[in-house]
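A.B. asks: Listed below are the residues making up each chain.
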Amino acid sequence: MRSTLRRLAGSLAVLVLLLSTLATAVAQEKSRLDIVLERGKLIVAALSPTPPFAFTDDKGQLVGFDIDIAHLVAEALFKDPSKVEFVVVNSEGRWPAIESGRADMGVGGTTTYPDRAIRVAFTRPFIDSGISILVTKKSGIKSLADLNNEKNTVANLNNPQMADRAKKFFPKAKVLTFDTPSAEFLAVQSGRANALQIDTAVAEYFANTSKDQFDVLPQMLTPSQNNGIFMKPGDFKWWLFLDTTVGELRSGSWYPKYVEVYQKWFGKNPPPQKFYVPQ
Amino acid sequence: MLKFERWLEVYGPSYLDGLGWTAVVALVAAVAAIAWGTALLAVRLQGGRWGGRAVDAYVQLLRNIPVLVPIYIIYFGFPLIGLVWPAVVCGGLALVLQNGAYISEIFRGAYQAIDHVQFDSAKSIGLSHWHTFRKVTMPQVIVYSLPALGNQVVLLLKDTSLLSAITVAELTMHAKLLTEQTGAAYEAFVVVAVLYLALVGVFEVAFGLAGRAVRWP
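Order-wise, the sequence lines are chains A and B. Each residue of the first sequence is one higher than the last, beginning at 1 in my numbering. Each residue of the second sequence is one higher than the last, beginning at 280 in my numbering.
Worth flagging that the hints you see were computed from the coordinates, not collected in a lab. Treat the hints with care, since some could be wrong.
To be verified - In the BS3-like style, the derived pairs of lysine-lysine whose C-alpha atoms are separated by at most 30 Å in a straight line are:
#1 A:K237 - B:K282
#2 B:K282 - A:K30
#3 A:K137 - A:K168
#4 B:K437 - A:K174
#5 A:K264 - A:K79
#6 A:K142 - A:K174
#7 A:K79 - A:K59
#8 A:K83 - A:K59
#9 A:K264 - A:K59
Said to hold, decoys possible - Restraint-style ranges between C-beta atoms, simulated for each label pair:
#10 B:V473 - A:K174: 30 to 36 Å
#11 B:V422 - A:I118: 52 to 58 Å
#12 B:L287 - A:V259: 49 to 55 Å
#13 A:N149 - B:L287: 38 to 44 Å
A quick note: this is a predicted structure, and the numbers were derived from the prediction, not measured. Note that the Cβ used here is the ideal one computed from N, Cα and C, for glycine as well.
For reference, chain B alone in the conformation it holds in the complex (with noise of 0.2 Å):
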């Protein structure tokens, strides 16, 4: 029923290309999501009551609608008022939005895990804002985050496949253009079942040596 080895045979090079995408698309967006995600907490900490009450409402926004909404409202939206970015562009921004609400909020619990003594101590010794956060604040939030921020990343990686609405020919496209070339669903998204497997692996695998790397004696 299911002739795998012939469908590899055939087809399974034509997924090089998809994987690709996929993987380029979620490494950009990934450092991208946690830049922003960064760049928000900066706000959240250093920006006064207004920038704290703007980053919470930005956040409840982002986190609570479908991230291809934002996907579709970039994509079709905005040439509207002019603005005609390529696809890709358009879905690793919403991913880079919808994701760094979601980072913001993991650093800002990897943030309250921080003993304030600390901070009292770095004013103590002339320390400014911006470099307390960049010396003090960040290289503890990034070490109690990494696993959850692991996990994070791993759900971009996996909402790449959206991006096949909007024309990416990523691994998800790949897959549905050969379900309409040859009608074998079952065959063709086994494969990329595989491939995404294999890809979140690599990802995994990074963000444990990295934990390993950054690991307190």
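Just chain A, with the same shape it has in the complex (with noise of 0.2 Å):
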């Protein structure tokens, strides 16, 4: 009995050792963007699979309209768009994977809050979204009043605004939380769940995939967001060229390469930037 509780407080003291070092080591000058330059190299957390943001195609590669973008912030840094490493993250996994340096920058269908931004710090936004509920049809739900009902079961990700939409929107239906867009439809596929809610471009991706099994219901739960690359906030130097890379991106000198990659994954041009830019 005795010892079972001495190695118990030797672990506890080896995890309070391991935590001290921790500390210790985030203790740290020299901008992102110097290191980032020298290693010759831009690694970059990805929330995948996120269709069409990032996620994984036949032959195995990582694509998307959120890898594209950061394809573009390489050639930025090294004049070859090939210059990128991945790392793919869930969820929750996105903050540490840049709070611990693991990644220089992440992307991957990640709204702009201000909440978030307490914690994280965001570029100007890549690209507008929104939040949509992706039904099943046979479900029979055709609007967020039928969605508010106690037989409906909801598939969430497991982050603090979509549990607060799910209480102001549908607070009458059930609620499953997972950590991956792709549990979600999993869940909806398996008919754990009749919806889910999910980011717009993502949920008509999911509707158009599966064509005669799915409907987005024509109103959204929040109309207008903001979907930017984020990083460790604190870092001016990387934050400033990052922030200016998508503005001339968006609406600058690179726009062309925007409409580009805007078509290639949407099928049609940007929403206008600027008012005398020719659509």
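Make the complex out of the two chains shown on their own, each in a separate frame, by following the hints.
C.D. replies: Now the structure itself:
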């Protein structure tokens, strides 16, 4: 008995030691921009699968709109879009991936929220987004009012914003919480849930790939959201570089590159950024 | 950097629900897995050649796949054939199926340590197979296998963390939610590590006491 307690006390001591080394290792002065340039390669955390933003295609390659944005950032850094290494993360794994310095920046259908910005830094948005509800055709749900019923089950991601919207828009429905959009989708396919809550573009992608099975509700939960590149806060030089790059992509000198990537994934031109730029 | 005091003050109490789920799932699944392991041993000993082969095949299958696979198959797959069970039941069942396989092997090892003269003696005083199993075999099997059984239960306890993949609100799930909410992965998971250690401590002490209680003079 005493030996059990002694062993446990020992493991606690090791844990504390480990943590104190972590805390001291965090102090770091050099800008990530210089580190990345010296390394000659950009390391990106990608929340995947979140099609069409970031997902693995038939050939096993990580592709998507957000992945192409990361390639464009690499092009800005090294004049070579291929100099990127991706680290695939799940929903709650996004923040530690950049905070620990494992990745230089992150992408993957990630929405900018003020309460997130306390812990994470975001660039200006590289795409507008929104949150929609995907329902099974079988469920007969046609509106948010239909959805708000005890007999419905909605699959959520594990972020607090999803839980808040569930309370606001469909408090009567049951809610299941998953850590990837693909697990949400699996829940709907297997009949565990008859609806899911996700970025509008992802919902539309799911609906289009398995036609006749799913509908996207016409009413959006949040019609206006911003998806940005996220990074560890406090590194002004790195943030400024990324924000400037996104700004140039979205409404500046690299706009043609942005249009090309947008066309590739959404089959249409991006919404007009400046009134005098012809569509 | 790590403001633990404040973290514990704000989020500390919220861990209790998760801790409760982990403890209850681990306890119920451990008891069920021991029962299932006993049943598998009974079939192996009494079920003839085919019973033994079936148990062998079962044990090989379950021991050689990661437990996350049966968890997913039961949770996401069974609804396709009309069996929609709650997530905690699906996850608990997967843990019982796998750990029962391990435990039946632990029991088999303990069975082999019993002096076989005892079985001849049992037969000569007219005990049936079932009586021999219940009164002669199992009491000794349990005692011989207690240390290994304790280890297996600790493994099961730690595997309950996988249930976070299928929406069960246990300890790891709670830490994932806190990480999403606050971005503070270290703080969230260090507290989880301490709580798992404490829970394992409780289980180890319980098995230690049990071991002492049944030790022969």
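A.B. asks: Taking only the CA atoms, is the gap from A:K83 to A:K59 under or equal to 30 Å?
C.D. replies: holds (20 Å)
A.B. asks: Given the hint of 30 to 36 Å, is the C-beta distance from B:V473 to A:K174 inside that range or not?
C.D. replies: Holds: the Cβ-Cβ distance is about 32 Å, inside 30 to 36 Å.
A.B. asks: For a C-alpha distance cap of 30 Å, please report whether B:K437 and A:K174 respect it.
C.D. replies: Holds, because 28 Å separates the two Cα atoms, which is no more than 30 Å.
A.B. asks: Please work out if A:K237 and B:K282 have their alpha carbons no farther apart than 30 Å.
C.D. replies: holds (27 Å)
A.B. asks: Check the hint pairing A:K142 with A:K174 against an upper bound of 30 Å on the C-alpha distance.
C.D. replies: Satisfied, since the Cα-Cα distance of roughly 17 Å is no more than 30 Å.
A.B. asks: Straight-line Cα separation of A:K264 and A:K59 no greater than 30 Å?
C.D. replies: holds (18 Å)
A.B. asks: Within a Cα-Cα threshold of 30 Å, do A:K79 and A:K59 meet the stated pairing?
C.D. replies: Within the cut-off at roughly 26 Å; holds.
A.B. asks: Taking 38 to 44 Å as the stated bounds, is the beta-carbon spacing between A:N149 and B:L287 within them?
C.D. replies: Given range 38 to 44 Å: holds, Cβ gap about 40 Å.
A.B. asks: Taking 52 to 58 Å as the stated bounds, is the beta-carbon spacing between B:V422 and A:I118 within them?
C.D. replies: Check passed, 56 Å falls within 52 to 58 Å.
A.B. asks: For the pair supplied as a hint, B:K282 and A:K30, confirm whether the alpha-carbon distance does not exceed 30 Å.
C.D. replies: holds (24 Å)
A.B. asks: Is A:K137 within 30 Å of A:K168, Cα to Cα?
C.D. replies: holds (24 Å)
A.B. asks: Tell me if the straight-line CA distance from A:K264 to A:K79 falls inside 30 Å.
C.D. replies: holds (21 Å)
In summary, the structure agrees with every hint in the numbered list given earlier.
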